[in-house]
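K.L.:
Letter by letter, the chains look like this.
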Amino acid sequence: MSAAEEVITKAPAVEAVPKRGMTLGLGASLVMLAALIIGPLFLKNFIIFQMTMLLIYGLAVLALNILTGGSGQFSLGQSAFYAVGAYTSAILMEHAGVNYALTLPVAGLICFGFGFAFGQPALRLSGIYLALATFALAVAMPQLLKLGFFEHWTGGVQGLVVTKPDPPFGLTMSQDMWLYYFTLAISLGIYIASVNLLRSRSGRAFMAIRDNEIAASAMGVDVALYKTLAFGVSAGVTGVAGGLGAIAVQFVAPDSYTVTLAISLFVGMVIGGVGWLPGSIVGSAFIIFVPNIAEHISKGLSGAVFGVLLFLAIFLVPHGARQVAIVAEQLVRKLKK
Amino acid sequence: MELFTNQVLAGIATGAIYACMALAVVMIYQAIDHLNFAQGEMAMFSTFISWQLMQWGVPYWWAFPITLIISFAGGIAIERLLFKPLAKAPVLTNVAGFIALFAIVNSVAGLIWDFTIKQYPTPFGTSPFLGSQLISTHQAGMIGVTLVLLIALYFFFQFTRIGLAMRAAAALPESARLVGINTSWMIALGWGMASAIGAIAGILIAPVVFLEPNMMGGVLVYGFAAAVLGGLSSPLGAVIGGFLVGVFENLAGTYIPGIGNELKLPIALALIITVLVVKPAGLLGRPIVKRV
Amino acid sequence: MTAMLNVKDLRAYYGQVQALHGLSFALDEGSLTTLLGANGAGKTTTLRAICNMVRSTGAIEFEGKPLTGRSTENIVRLGIAHVPQGRGTFTTMTVEENLQLGAISRNDRKNVVADIERMYEHFPVLKERHTQQAGTLSGGEQQMLAVARALMLRPRLMLLDEPSFGLAPLIVRELFKILGKINREDKVTILVVEQNAQLALELADQAYVIETGRIVMSGDAKDIATNEDVRKSYLGY
Chain A
28 MSAAEEVITK
38 APAVEAVPKR
48 GMTLGLGASL
58 VMLAALIIGP
68 LFLKNFIIFQ
78 MTMLLIYGLA
88 VLALNILTGG
98 SGQFSLGQSA
108 FYAVGAYTSA
118 ILMEHAGVNY
128 ALTLPVAGLI
138 CFGFGFAFGQ
148 PALRLSGIYL
158 ALATFALAVA
168 MPQLLKLGFF
178 EHWTGGVQGL
188 VVTKPDPPFG
198 LTMSQDMWLY
208 YFTLAISLGI
218 YIASVNLLRS
228 RSGRAFMAIR
238 DNEIAASAMG
248 VDVALYKTLA
258 FGVSAGVTGV
268 AGGLGAIAVQ
278 FVAPDSYTVT
288 LAISLFVGMV
298 IGGVGWLPGS
308 IVGSAFIIFV
318 PNIAEHISKG
328 LSGAVFGVLL
338 FLAIFLVPHG
348 ARQVAIVAEQ
358 LVRKLKK
Chain B
41 MELFTNQVLA
51 GIATGAIYAC
61 MALAVVMIYQ
71 AIDHLNFAQG
81 EMAMFSTFIS
91 WQLMQWGVPY
101 WWAFPITLII
111 SFAGGIAIER
121 LLFKPLAKAP
131 VLTNVAGFIA
141 LFAIVNSVAG
151 LIWDFTIKQY
161 PTPFGTSPFL
171 GSQLISTHQA
181 GMIGVTLVLL
191 IALYFFFQFT
201 RIGLAMRAAA
211 ALPESARLVG
221 INTSWMIALG
231 WGMASAIGAI
241 AGILIAPVVF
251 LEPNMMGGVL
261 VYGFAAAVLG
271 GLSSPLGAVI
281 GGFLVGVFEN
291 LAGTYIPGIG
301 NELKLPIALA
311 LIITVLVVKP
321 AGLLGRPIVK
331 RV
Chain C
6 MTAMLNVKDL
16 RAYYGQVQAL
26 HGLSFALDEG
36 SLTTLLGANG
46 AGKTTTLRAI
56 CNMVRSTGAI
66 EFEGKPLTGR
76 STENIVRLGI
86 AHVPQGRGTF
96 TTMTVEENLQ
106 LGAISRNDRK
116 NVVADIERMY
126 EHFPVLKERH
136 TQQAGTLSGG
146 EQQMLAVARA
156 LMLRPRLMLL
166 DEPSFGLAPL
176 IVRELFKILG
186 KINREDKVTI
196 LVVEQNAQLA
206 LELADQAYVI
216 ETGRIVMSGD
226 AKDIATNEDV
236 RKSYLGY
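Chains as they are written, first to last, in my numbering: chain A, 28 to 364; chain B, 41 to 332; chain C, 6 to 242.
The set of hints was computed from the structure by calculation and includes no laboratory data.
Every value quoted in this text rests on a predicted model; they were computed, and no experiment measured them.
The C-beta atom is built at its ideal place from N, Cα and C for all residues, glycine as well.
Please note: incorrect hints may appear among the correct ones.
Derived Cβ-Cβ restraints for the label pairs, each shown as a range [stated by the list, open to error]:
hint, chain 1, residue 1, chain 2, residue 2, range
1, A, Phe342, C, Lys132, 46 to 54 Å
2, C, Glu179, B, Ile202, 34 to 42 Å
3, A, Asn223, B, Leu187, 53 to 61 Å
4, B, Phe196, C, Asp113, 16 to 24 Å
5, A, Asp238, B, Gly97, 53 to 61 Å
If you want the ones that stay clear, here's a sample from chain B, every Cβ over 10 Å from chain A, calculated [to be verified]:
hint, residue
6, Val148
7, Thr156
8, Gly203
9, Val249
Sample of chain B residues with no beta-carbon within 12 Å of chain C, all distances over it, derived [stated by the list, open to error]:
hint, residue
10, Leu49
11, Phe77
12, Leu93
13, Phe112
14, Asp154
15, Leu204
16, Leu212
17, Val219
18, Val317
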């Protein structure tokens, strides 16, 4: 009887994404990578800049995906971690003269600590309550950055201007293109590390917590540790993205990191497919390009056009890009037969 | 001491705004189990509808019920059209839907009525209430309306058949269907009622904060916070939460040095989170018992 | 005489997994029928398919009306009460509110009050606790409440899913006695799914045995109860 066979080829259950369902097949990954490497050679600088931002937001969405898709915790405060990362890089570069590449691990570490610390009180909260707590963090962050107390370092409301790095080793390429490849290398490293993390013992612990916290703790998973750890890792990755963002945009200011950014990243995650790491780049593309397209269609109603497009997207594929990938995979498999 | 009393009074006055919004938030949370981020925008839109009616010469006391009816129908229409198809989608997809709705309503209101702030009339007048400069008759009226609304809702849910059916549908949808309740329509009804209550909140708030497409941004955050503080399952808790948030915000602004207007919101939110860490279901909420 | 409930070639699916493979059976009006089988045989699925709570194909007719395509709540409104597995108690509401909910789809509001009183006669323990939150009741009391809530519909047919589950033997006996009484006195047709085969066969007049989604035996409850082979291979006692 074919029932059993059908079960195997059918998409996995929706909410609980199994480990294997979190990544892309090897072939598809290589094609994607080749496109990302070769693409910019034929593109204009402005578009290369946009592709850099695509990767950076992709990283930030990925970070949220580790938190939500991996450990089942919800955050509307990712913009706060992004801001801390951005400011860390900017301050180190402009006040301490540190090389841009070296500021990124610092940004990541500081954000990891920040996220880990924030995860402690957040432990007692879940679902909507956690959403509110993280949301509060996102609301507070721009105000904190504006405080006179930090003004010497942060530049207050004015923000800080960041110098764009030149390509090293006398390479002849534009600054934008160098930054793109630099970002691509880092993104790739983090992506591979994240995939491995979720496949590791810790990743299994995250997922056990996501699927059933009580059962996970009964099996001996240190729920408190792994929940805060997930927050820390997510914040750390977001911090690196923030640092890269500061370098790419060449400017940090409190109002660049409002709740709107956190909400965008959340939308990106949903569009990409919660728990599907490769979807992060699709989600990132949505939040970067769709507002532009909306603006293009109608200036006065750009918000409404964006909303309609977002509705269309979630009506067509409620489970995000992952759903598209699964359908495509099944098609390919059918064709092969 | 007088300063303290006055600040508490002023806090209660602002708290009434939050309480009203929180009531609408709890209402929809009961019906659909999500926080609707677009709730404030829907309330703003309703308020604009009433304003437009008055611009066309409809008197206040006609515009008010007409707006409520339109909002009620509008809430149901939004649910049927946009959110019923998402009923089986994951929770986070629904949240994305609220964000989309937010963007659409805000943008459309901006296009129709532009972003300049508009005066909005009050039926209660703006003279000092009982000789206090800090609380006006409008704010007193607002508190009164909120309390009346609360009592009305209490009676509706406790003593009417449809109220009982709505509670059942929210608590256990499958069991509710097994006693013959059409749970899908109960959700739509919840949207309609939340939308109408939101309209009342908007109409009461507009004279204080002035009418414009972004008027609800801050208010909604406080409304959410108040609802969460009071316990999302309790309308009474939401109202009490609203007043508490208002009072605390005012006292913090007065007595803690260095808190400008800008830090008021983060401080208020921080307090709420502290409360939640101690009492995760809110002040009056029912703790949710999870089964393995 | 045509049967009250007629099920023909019922197939049900959970996702891609088929749980029922062409079940056919019929219930006569006024009968008390039991559906027996091991864990995972498809008993619960059968009841859920009747109320359209699981995707299924096949024909189900209730008093001549096809149930296919009707929503769960509409099927209930035709007079089919379903006491689900796990009882489905509205735990945060009072006992009395639970009973009112049972009658919520009825239009004869005047009789509801009288019916609640009748339920208190059937189940005196519910009267003692009528203002208590239903969640504070013991398992047995909650099962009584679930049966009472179903009866508040004034059903023509009542479906019960493992009413004995998790209850002490004495309480099960009491519950089954009441079920028999309801069947005889109130003329409610009853279909009860059970794992406690011995007890169910004592109570019922008709029985079906199902195994992995198919009916493997049917007949008089007495005959099945005395059939050695059946007892050994399917009922396990």
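K.L.:
Are there hints from earlier that the structure breaks, and if so, what are their numbers?
P.N.:
The structure breaks hints 6, 15, 16 and 17; every other hint is satisfied.
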